[in-house]
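Produce the entire structure from the sequences given, and follow the hints as far as they go.
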Amino acid sequence: MPKQELKDTLAVRRPIEANQANIKDQVVAINRVTKVVKGGKNLSFSALVVVGDQNGHAGFGMGKAREVPMAIRKAIEQAKKIMVKLNLKGTSIPHQVVGRYGSGHVLLKPASEGTGVIAGGPVRAVMEVAGIQNVLTKSIGTSNPHNVIKATFDALLHLKDSVRVMEGRGKGADETQAKGVAASVQE
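Under this note's numbering, the first residue of the sequence shown is numbered 9, with each subsequent residue one higher.
Keep in mind that the hints were calculated from the coordinates and are not lab data. It cannot be assumed that every hint is accurate.
Okay, derived cross-link-like pairs now, DSBU-like style, lysine-lysine, Cα gap no bigger than 35 Å in a straight line [claimed, not checked]:
{"no.": "1", "residue 1": "Lys49", "residue 2": "Lys82"}
{"no.": "2", "residue 1": "Lys168", "residue 2": "Lys88"}
{"no.": "3", "residue 1": "Lys32", "residue 2": "Lys168"}
{"no.": "4", "residue 1": "Lys46", "residue 2": "Lys32"}
Computed Cβ-Cβ distance ranges for the label pairs, DEER-style [stated by the list, open to error]:
{"no.": "5", "residue 1": "Gly128", "residue 2": "His166", "range": "19 to 27 Å"}
{"no.": "6", "residue 1": "Lys117", "residue 2": "Leu51", "range": "35 to 43 Å"}
{"no.": "7", "residue 1": "Thr42", "residue 2": "Lys93", "range": "36 to 44 Å"}
We treat Cβ as the ideally placed atom computed from N, Cα and C, and that holds for glycine.
What follows is the structure, given as structure tokens:
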């Protein structure tokens, strides 16, 4: 997904009214940033944070301030504003998907119950706060946490719900449920 398309997708989504008491946040990266000015160097900190309610809602945010706690607080506030609902299937994802942002690619594959989160760094943080407990992931390309987080959210936003897929194929939800019941009766 091109950068502008991801920005537009996140901007169009309405804020999720998740229970504020259950929101978990996790700091992914903190960078020390210096700006050279006429009088010397101005030191500030940049923070990248992911938040989620561990029930299929997640968001990410970036904050910048002269002190680390203030930068983290700003990032958490921004992340809460762009929290999105994710299409999950139980404790995993419904199908395999690849997310792209810049030179970062993230592959997400569903896993069976008991597998756990097979992911590293920024992708693991997103999976934990979103409540995804069984997934296989591979980060390809850049290791820049900003691009990896955005590629992960690109992948999660492309997950399709099985009901929508069936409606797109011209079948109603009642037909798919009837076929599922018929298949279980035959076994």
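- Run the structure past the numbered hints and jot down the numbers of the failing ones, going up. 4
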